[in-house]
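A.B. asks: One-letter residues, chain by chain:
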Amino acid sequence: DTEVTQTPKHLVMGMTNKKSLKCEQHMGHRAMYWYKQKAKKPPELMFVYSYEKLSINESVPSRFSPECPNSSLLNLHLHALQPEDSALYLCASSPDGYLEQYFGPGTRLTVT
Amino acid sequence: RKEVEQDPGPFNVPEGATVAFNCTYSNSASQSFFWYRQDCRKEPKLLMSVYSSGNEDGRFTAQLNRASQYISLLIRDSKLSDSATYLCAVEGNDMRFGAGTRLTVKP
Numbered sequence: 354d355t356e357v358t359q360t361p362k363h364l365v366m367g368m369t370n371k372k373s374l375k376c377e378q379h380m381g382h383r384a385m386y387w388y389k390q391k392a393k394k395p396p397e398l399m400f401v402y403s404y405e406k407l408s409i410n411e412s413v414p415s416r417f418s419p420e421c422p423n424s425s426l427l428n429l430h431l432h433a434l435q436p437e438d439s440a441l442y443l444c445a446s447s448p449d450g451y452l453e454q455y456f457g458p459g460t461r462l463t464v465t
Numbered sequence: 006r007k008e009v010e011q012d013p014g015p016f017n018v019p020e021g022a023t024v025a026f027n028c029t030y031s032n033s034a035s036q037s038f039f040w041y042r043q044d045c046r047k048e049p050k051l052l053m054s055v056y057s058s059g060n061e062d063g064r065f066t067a068q069l070n071r072a073s074q075y076i077s078l079l080i081r082d083s084k085l086s087d088s089a090t091y092l093c094a095v096e097g098n099d100m101r102f103g104a105g106t107r108l109t110v111k112p
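Sequence order for the protein chains is A and B. In this note's numbering, each number is its position in the first sequence, counted from 1, plus 353. In this note's numbering, each number is its position in the second sequence, counted from 1, plus 5.
It should be emphasised that the hints constitute simulated quantities derived from the structure, not laboratory data. Hints may be right or wrong, so weigh each one.
Below, a list of computed lysine-lysine pairs in the DSS-like style, where the Cα atoms sit at most 25 Å apart [claimed, not checked]: (1) A:K389 <-> B:K47; (2) A:K362 <-> B:K47; (3) A:K393 <-> B:K47; (4) A:K375 <-> B:K7; (5) A:K391 <-> B:K47; (6) A:K372 <-> A:K406; (7) B:K50 <-> A:K394; (8) A:K362 <-> B:K50; (9) A:K389 <-> B:K50; (10) B:K7 <-> A:K391.
Interface residues of chain A toward chain B, partial, derived using beta-carbon atoms under 10 Å [claimed, not checked]: (11) F456; (12) G459; (13) R461.
Partial list, derived from the structure: chain A residues whose beta carbon lies under 7 Å from chain B [stated by the list, open to error]: (14) P396; (15) M399; (16) L443; (17) E453.
Here the structure is a predicted model, which is why all the values come from computation and not from measurement. Virtual Cβ for every residue (Gly too), placed ideally from N, Cα, C.
With these hints in hand, go ahead and build the complete structure from the sequences.
C.D. replies: As structure tokens, this is what we get:
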């Protein structure tokens, strides 16, 4: 089973709201990722967790805050977002770094 | 120069055609290479890993040329269901995706 799940599927939030995106995998993968994808663009890496520790933060604004509660879960906390943050947020996992990544279905976020 | 470059297309081909995509990368230390398929408003799905010796999966063949720093994907006997955007991905210090090549297979 190569399934990564994400909730919610869709999210509309105002610029003053606080919300969280959730990602879960039960494949025993040790690396998990957050990507942002705008329409007709490739996914852009935001954060990498390896063995539950943040290993890469691609200069993402502090209004995005990742959290890895355990090896199966990854959260992305959102606060004071801007309309330009509207995008598809994809979670992925891989058995380890440098290996193939499996994506969840994404959360389509709209900031109003 | 972008780290990973692909011809965005679009490629419009008839059913049964053979089509090839190339992808070039700039980081010579890159270690892993992949092709993903992404349908409209869906997540990328892993199509193939690309090995140094090349690999084949049914109608799909992937090749890696480290000397020239490119990977390729060949699709034989195209089906309507192959219509999608094909993304190459290159893992160096982290995963970088090409912009994707849009393929439309027509009856």
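A.B. asks: Would you list, in rising numerical order, the hints stated earlier that this structure does not obey?
C.D. replies: 4, 15
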